[in-house]
Amino acid sequence: MRHVVDLVFFSSKKQTITHSTTKWGETLPYIVIDLEFNGRKHYAIHPMEILEIGAVKLNEHLQIVDTFQSYINPKYPINQFALNFCKIDKDVLTTSPPFPEVIAKFIDFCGVDYKIVAWGSTDFFSLFVDCKIHAISSDWLTRLIDMSRFFDGGLQQVLAAKEIPFVGQHHSALDDALNACELLKINPDIVKSERYYKPDHFKLCTGGIKKKISSALNQAVQNNSFLTWQEFASDKETQDYFDIMNLSESEIEMVETLFSKFYKQTYGRKTRSKLRSSAPTL
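Its first residue numbered 1, the sequence shown is counted upward by one per residue in full-length UniProt numbering.
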(Lines of atoms letter the chains of each structure in order from A; the text may use other names.)
(Lines give C-alpha, C1' and ligand atoms only; values in the text may rest on other atoms or scores of the structure.)
Protein backbone atom coordinates (compact mmCIF):
# COMPACT_ATOMS: atom_id res chain seq x y z
CA MET A 1 0.00 0.00 0.00
CA ARG A 2 1.38 3.43 -0.93
CA HIS A 3 0.79 6.10 1.70
CA VAL A 4 -0.75 9.30 0.31
CA VAL A 5 -1.07 12.43 2.42
CA ASP A 6 -3.02 15.57 1.53
CA LEU A 7 -2.37 17.72 4.61
CA VAL A 8 0.75 19.81 3.96
CA PHE A 9 1.19 23.29 5.44
CA PHE A 10 4.01 25.75 4.79
CA SER A 11 4.84 29.12 6.27
CA SER A 12 6.81 31.68 4.26
CA LYS A 13 10.64 31.91 4.09
CA LYS A 14 11.51 29.49 6.89
CA GLN A 15 9.24 26.60 6.01
CA THR A 16 7.88 24.82 9.04
CA ILE A 17 6.23 21.54 8.14
CA THR A 18 3.24 20.44 10.16
CA HIS A 19 1.95 16.90 9.79
CA SER A 20 -1.15 15.12 10.98
CA THR A 21 -0.88 12.09 13.24
CA THR A 22 -1.18 8.83 11.34
CA LYS A 23 -3.00 5.89 12.81
CA TRP A 24 0.33 4.00 12.97
CA GLY A 25 2.26 6.83 14.61
CA GLU A 26 2.80 5.41 18.10
CA THR A 27 3.12 1.72 17.28
CA LEU A 28 5.21 1.54 14.11
CA PRO A 29 8.44 3.32 14.89
CA TYR A 30 10.90 1.96 12.29
CA ILE A 31 11.36 3.67 8.92
CA VAL A 32 13.98 2.13 6.61
CA ILE A 33 14.99 4.61 3.93
CA ASP A 34 17.15 4.81 0.84
CA LEU A 35 17.91 7.85 -1.30
CA GLU A 36 19.22 8.39 -4.80
CA PHE A 37 21.14 11.55 -5.68
CA ASN A 38 21.88 14.01 -8.43
CA GLY A 39 25.50 14.31 -9.52
CA ARG A 40 27.55 17.46 -9.93
CA LYS A 41 30.74 18.62 -11.57
CA HIS A 42 33.89 18.29 -9.49
CA TYR A 43 34.10 21.92 -8.34
CA ALA A 44 30.42 22.83 -8.56
CA ILE A 45 28.90 24.66 -5.59
CA HIS A 46 25.47 23.13 -6.14
CA PRO A 47 24.64 20.35 -3.66
CA MET A 48 24.04 16.77 -4.76
CA GLU A 49 20.31 16.97 -4.28
CA ILE A 50 18.07 14.02 -3.53
CA LEU A 51 16.31 12.71 -6.65
CA GLU A 52 14.33 9.87 -5.08
CA ILE A 53 13.16 8.80 -1.65
CA GLY A 54 12.17 5.22 -0.94
CA ALA A 55 11.05 4.07 2.50
CA VAL A 56 9.54 1.08 4.25
CA LYS A 57 7.55 1.33 7.48
CA LEU A 58 7.97 -1.60 9.86
CA ASN A 59 6.07 -2.48 13.00
CA GLU A 60 7.63 -3.64 16.26
CA HIS A 61 7.95 -7.16 14.79
CA LEU A 62 9.80 -5.76 11.74
CA GLN A 63 6.85 -6.61 9.50
CA ILE A 64 6.20 -4.34 6.53
CA VAL A 65 3.01 -2.32 6.90
CA ASP A 66 3.49 0.50 4.40
CA THR A 67 5.87 1.91 1.79
CA PHE A 68 6.72 5.35 0.44
CA GLN A 69 8.31 6.27 -2.87
CA SER A 70 8.64 9.57 -4.68
CA TYR A 71 10.88 11.15 -7.27
CA ILE A 72 11.94 14.77 -6.74
CA ASN A 73 12.43 17.56 -9.25
CA PRO A 74 15.72 19.17 -8.15
CA LYS A 75 16.37 22.93 -8.04
CA TYR A 76 19.63 22.69 -9.94
CA PRO A 77 20.65 21.07 -13.27
CA ILE A 78 20.05 17.35 -13.57
CA ASN A 79 23.21 15.31 -14.12
CA GLN A 80 23.05 12.79 -16.96
CA PHE A 81 25.36 10.38 -15.14
CA ALA A 82 22.90 10.25 -12.24
CA LEU A 83 20.03 9.52 -14.62
CA ASN A 84 21.95 6.64 -16.18
CA PHE A 85 23.17 5.32 -12.83
CA CYS A 86 19.71 5.32 -11.25
CA LYS A 87 17.90 4.44 -14.50
CA ILE A 88 15.52 7.40 -14.18
CA ASP A 89 14.02 9.23 -17.16
CA LYS A 90 14.63 12.98 -17.10
CA ASP A 91 10.98 13.63 -17.91
CA VAL A 92 9.98 11.72 -14.78
CA LEU A 93 12.05 14.08 -12.63
CA THR A 94 11.02 17.32 -14.33
CA THR A 95 7.36 16.44 -13.82
CA SER A 96 7.86 15.33 -10.20
CA PRO A 97 7.11 17.54 -7.18
CA PRO A 98 9.89 19.62 -5.55
CA PHE A 99 11.66 18.63 -2.35
CA PRO A 100 9.50 20.66 0.08
CA GLU A 101 6.33 18.97 -1.14
CA VAL A 102 7.81 15.48 -1.08
CA ILE A 103 9.47 15.82 2.31
CA ALA A 104 6.24 17.10 3.86
CA LYS A 105 4.48 13.95 2.71
CA PHE A 106 7.37 11.81 3.89
CA ILE A 107 7.31 13.37 7.38
CA ASP A 108 3.59 12.67 7.55
CA PHE A 109 4.27 9.10 6.44
CA CYS A 110 6.76 8.68 9.31
CA GLY A 111 4.20 9.66 11.93
CA VAL A 112 4.98 11.00 15.39
CA ASP A 113 7.08 8.26 17.00
CA TYR A 114 9.74 6.60 14.87
CA LYS A 115 13.36 5.73 14.28
CA ILE A 116 14.83 6.16 10.81
CA VAL A 117 17.25 3.48 9.63
CA ALA A 118 19.49 3.78 6.56
CA TRP A 119 22.38 1.92 4.99
CA GLY A 120 25.14 4.47 5.57
CA SER A 121 25.20 7.97 7.00
CA THR A 122 25.30 9.69 3.59
CA ASP A 123 21.52 9.52 3.32
CA PHE A 124 21.10 11.28 6.66
CA PHE A 125 23.63 13.98 5.80
CA SER A 126 21.90 14.63 2.48
CA LEU A 127 18.53 15.03 4.19
CA PHE A 128 20.04 17.71 6.43
CA VAL A 129 21.62 19.45 3.42
CA ASP A 130 18.43 19.47 1.36
CA CYS A 131 16.38 20.69 4.31
CA LYS A 132 18.87 23.53 4.74
CA ILE A 133 18.90 24.65 1.11
CA HIS A 134 15.09 24.73 1.17
CA ALA A 135 14.95 26.46 4.59
CA ILE A 136 13.01 23.56 6.11
CA SER A 137 13.38 22.62 9.76
CA SER A 138 15.36 19.43 10.37
CA ASP A 139 13.92 18.94 13.87
CA TRP A 140 12.19 15.76 12.68
CA LEU A 141 15.59 14.17 11.98
CA THR A 142 16.42 12.93 15.46
CA ARG A 143 16.70 9.17 16.02
CA LEU A 144 18.79 8.11 13.03
CA ILE A 145 20.48 4.70 12.89
CA ASP A 146 23.21 3.79 10.39
CA MET A 147 22.71 0.04 9.99
CA SER A 148 25.83 -0.38 7.84
CA ARG A 149 27.90 -0.11 11.05
CA PHE A 150 26.65 -3.55 12.01
CA PHE A 151 27.91 -5.27 8.84
CA ASP A 152 31.09 -5.52 6.78
CA GLY A 153 30.85 -4.41 3.15
CA GLY A 154 28.22 -2.76 1.00
CA LEU A 155 24.54 -3.63 0.88
CA GLN A 156 24.82 -5.94 -2.14
CA GLN A 157 27.97 -7.61 -0.76
CA VAL A 158 26.33 -8.34 2.57
CA LEU A 159 23.18 -9.67 0.93
CA ALA A 160 25.31 -12.01 -1.18
CA ALA A 161 27.34 -13.12 1.84
CA LYS A 162 24.11 -13.93 3.70
CA GLU A 163 22.79 -15.73 0.59
CA ILE A 164 19.84 -13.36 0.38
CA PRO A 165 18.88 -12.66 -3.25
CA PHE A 166 18.55 -9.00 -4.18
CA VAL A 167 14.97 -8.30 -5.20
CA GLY A 168 14.10 -5.53 -7.64
CA GLN A 169 16.33 -2.98 -9.38
CA HIS A 170 19.69 -1.85 -8.03
CA HIS A 171 19.75 1.88 -7.16
CA SER A 172 15.98 2.08 -7.05
CA ALA A 173 15.38 3.77 -3.69
CA LEU A 174 12.38 1.69 -2.63
CA ASP A 175 13.92 -1.60 -3.79
CA ASP A 176 17.15 -0.84 -1.93
CA ALA A 177 15.16 -0.02 1.22
CA LEU A 178 13.20 -3.26 0.92
CA ASN A 179 16.40 -5.27 0.59
CA ALA A 180 17.91 -3.49 3.59
CA CYS A 181 14.87 -4.65 5.57
CA GLU A 182 15.88 -8.26 4.90
CA LEU A 183 19.20 -7.64 6.64
CA LEU A 184 17.42 -5.90 9.49
CA LYS A 185 15.43 -9.07 10.09
CA ILE A 186 18.57 -11.15 10.67
CA ASN A 187 19.93 -8.58 13.13
CA PRO A 188 16.83 -7.12 14.81
CA ASP A 189 18.82 -5.62 17.68
CA ILE A 190 19.92 -2.87 15.28
CA VAL A 191 16.68 -0.98 15.84
CA LYS A 192 17.31 -0.99 19.59
CA SER A 193 20.51 1.00 19.13
CA GLU A 194 20.59 4.45 20.70
CA ARG A 195 23.82 5.41 18.98
CA TYR A 196 22.20 7.96 16.71
CA TYR A 197 23.74 9.81 13.81
CA LYS A 198 24.47 13.47 14.51
CA PRO A 199 25.37 15.81 11.64
CA ASP A 200 28.61 17.77 11.66
CA HIS A 201 27.28 21.32 11.39
CA PHE A 202 30.64 22.67 10.27
CA LYS A 203 30.82 20.14 7.44
CA LEU A 204 27.17 20.81 6.60
CA CYS A 205 27.94 24.49 6.03
CA THR A 206 31.36 24.19 4.40
CA GLY A 207 31.46 20.84 2.59
CA GLY A 208 30.08 22.18 -0.69
CA ILE A 209 32.65 24.97 -1.01
CA LYS A 210 35.74 23.14 0.23
CA LYS A 211 36.99 22.27 -3.26
CA LYS A 212 36.39 25.81 -4.51
CA ILE A 213 38.50 27.23 -1.67
CA SER A 214 41.36 24.86 -2.50
CA SER A 215 41.12 25.56 -6.22
CA ALA A 216 40.96 29.34 -5.79
CA LEU A 217 44.01 29.42 -3.51
CA ASN A 218 46.05 27.17 -5.81
CA GLN A 219 45.11 29.34 -8.78
CA ALA A 220 46.25 32.43 -6.90
CA VAL A 221 49.64 30.82 -6.22
CA GLN A 222 50.01 29.98 -9.91
CA ASN A 223 49.28 33.64 -10.65
CA ASN A 224 51.97 34.69 -8.15
CA SER A 225 49.44 36.43 -5.93
CA PHE A 226 47.84 36.23 -2.51
CA LEU A 227 44.10 35.59 -2.24
CA THR A 228 42.47 37.23 0.77
CA TRP A 229 39.28 36.14 2.49
CA GLN A 230 37.63 39.42 1.51
CA GLU A 231 38.38 38.76 -2.16
CA PHE A 232 37.17 35.17 -1.95
CA ALA A 233 34.01 36.05 -0.01
CA SER A 234 33.04 38.78 -2.48
CA ASP A 235 33.35 36.44 -5.48
CA LYS A 236 29.97 35.93 -7.16
CA GLU A 237 30.12 32.14 -7.00
CA THR A 238 30.99 32.28 -3.30
CA GLN A 239 28.06 34.63 -2.70
CA ASP A 240 25.85 32.22 -4.63
CA TYR A 241 26.96 29.41 -2.33
CA PHE A 242 26.06 31.45 0.74
CA ASP A 243 22.59 31.99 -0.74
CA ILE A 244 22.12 28.38 -1.87
CA MET A 245 22.95 27.06 1.59
CA ASN A 246 21.02 29.79 3.42
CA LEU A 247 24.08 30.49 5.55
CA SER A 248 23.75 32.77 8.56
CA GLU A 249 26.53 35.17 9.57
CA SER A 250 27.90 32.65 12.07
CA GLU A 251 27.82 29.92 9.42
CA ILE A 252 29.67 32.16 6.95
CA GLU A 253 32.30 32.53 9.67
CA MET A 254 32.68 28.74 9.51
CA VAL A 255 33.54 29.07 5.83
CA GLU A 256 36.05 31.78 6.75
CA THR A 257 37.60 29.42 9.31
CA LEU A 258 38.03 26.74 6.65
CA PHE A 259 39.46 29.33 4.25
CA SER A 260 42.01 30.39 6.89
CA LYS A 261 43.05 26.78 7.42
CA PHE A 262 43.56 26.21 3.69
CA TYR A 263 45.28 29.60 3.36
CA LYS A 264 47.93 28.62 5.91
CA GLN A 265 48.45 25.27 4.20
CA THR A 266 48.72 26.84 0.74
CA TYR A 267 50.90 29.80 1.66
CA GLY A 268 53.62 28.03 3.60
CA ARG A 269 56.95 29.69 4.34
CA LYS A 270 58.55 28.66 1.05
CA THR A 271 55.54 29.76 -1.00
CA ARG A 272 55.36 33.15 0.76
CA SER A 273 59.07 33.69 0.22
CA LYS A 274 58.80 32.77 -3.46
CA LEU A 275 55.85 35.09 -4.04
CA ARG A 276 57.56 38.00 -2.30
CA SER A 277 60.77 37.49 -4.29
CA SER A 278 58.84 37.47 -7.56
CA ALA A 279 56.88 40.63 -6.74
CA PRO A 280 57.78 43.58 -9.02
CA THR A 281 59.99 46.29 -7.55
CA LEU A 282 58.23 49.65 -7.33
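Derived by calculation from the structure, the hints in this document are not laboratory data.
You may find that some hints are simply not true.
Stated by the list, open to error - With a straight-line cut-off of 25 angstroms between C-alpha atoms, the simulated PhoX-like cross-links for lysine-lysine are:
id, residue 1, residue 2
1, Lys192, Lys212
2, Lys198, Lys270
3, Lys115, Lys192
4, Lys261, Lys236
5, Lys162, Lys211
6, Lys75, Lys264
7, Lys212, Lys162
8, Lys211, Lys115
9, Lys203, Lys264
10, Lys210, Lys192
11, Lys75, Lys261
Unchecked claim - Beta-carbon label-pair distances, calculated as ranges:
id, residue 1, residue 2, range
12, Trp229, Lys274, 35 to 45 angstroms
13, Gln230, His201, 56 to 66 angstroms
14, Arg272, Asp139, 37 to 47 angstroms
15, Ser273, Ala160, 24 to 34 angstroms
16, Thr95, Lys261, 11 to 21 angstroms
17, Gln230, Asp200, 19 to 29 angstroms
As the structure is a computational prediction, the values presented were derived from the model and not from experiment.
Even for Gly, the Cβ is constructed at its ideal location relative to N, Cα and C.
**Study point:** 37 to 47 angstroms as the expected CB spacing between Asp139 and Arg272, which holds or is violated
**Key:** 46 angstroms, holds
Exercise for review: Return holds or violated for the Cβ distance of Ser273 and Ala160 against the range 24 to 34 angstroms.
Suggested key: Given a distance of about 56 angstroms, which is not inside 24 to 34 angstroms, the answer is violated.
Review point. Using the C-beta atoms of Gln230 and His201, is the stated range 56 to 66 angstroms upheld?
Key: Violated, since Gln230 and His201 (Cβ atoms, about 24 angstroms apart) do not stay within the stated range.
Exercise for review: Below or equal to 25 angstroms on CA atoms is what counts here, so check Lys203 against Lys264.
Suggested key: Cα-Cα ~19 angstroms, so holds.
Review point. Is the straight-line distance between the alpha-carbon of Lys198 and that of Lys270 25 angstroms or less?
Key: Distance of about 40 angstroms is beyond 25 angstroms: violated.
Check your understanding: Between Gln230 and Asp200, is the Cβ distance one that fits in 19 to 29 angstroms?
Key -> 27 angstroms, holds
**Study point:** 25 angstroms Cα cutoff - pair Lys210, Lys192
**Key:** 36 angstroms, violated
Review point. Is Lys212 within 25 angstroms of Lys162, Cα to Cα?
Key: Violated: Lys212 and Lys162 sit about 42 angstroms apart, past 25 angstroms.
Check your understanding: Taking only the CA atoms, is the gap from Lys75 to Lys264 under or equal to 25 angstroms?
Key -> 35 angstroms, violated
Review point. Within 25 angstroms, alpha carbon to alpha carbon, are Lys261 and Lys236?
Key: Given pair Lys261, Lys236 holds - Cα atoms ~22 angstroms apart, limit 25 angstroms.
Check your understanding: Straight-line Cα separation of Lys115 and Lys192 no greater than 25 angstroms?
Key -> 9 angstroms, holds
Check your understanding: Within a Cα-Cα threshold of 25 angstroms, do Lys211 and Lys115 meet the stated pairing?
Key -> 34 angstroms, violated
Taken one by one, the earlier hints fail for this structure at numbers 1, 2, 5, 6, 7, 8, 10, 11, 12, 13, 15 and 16, listed in ascending order.
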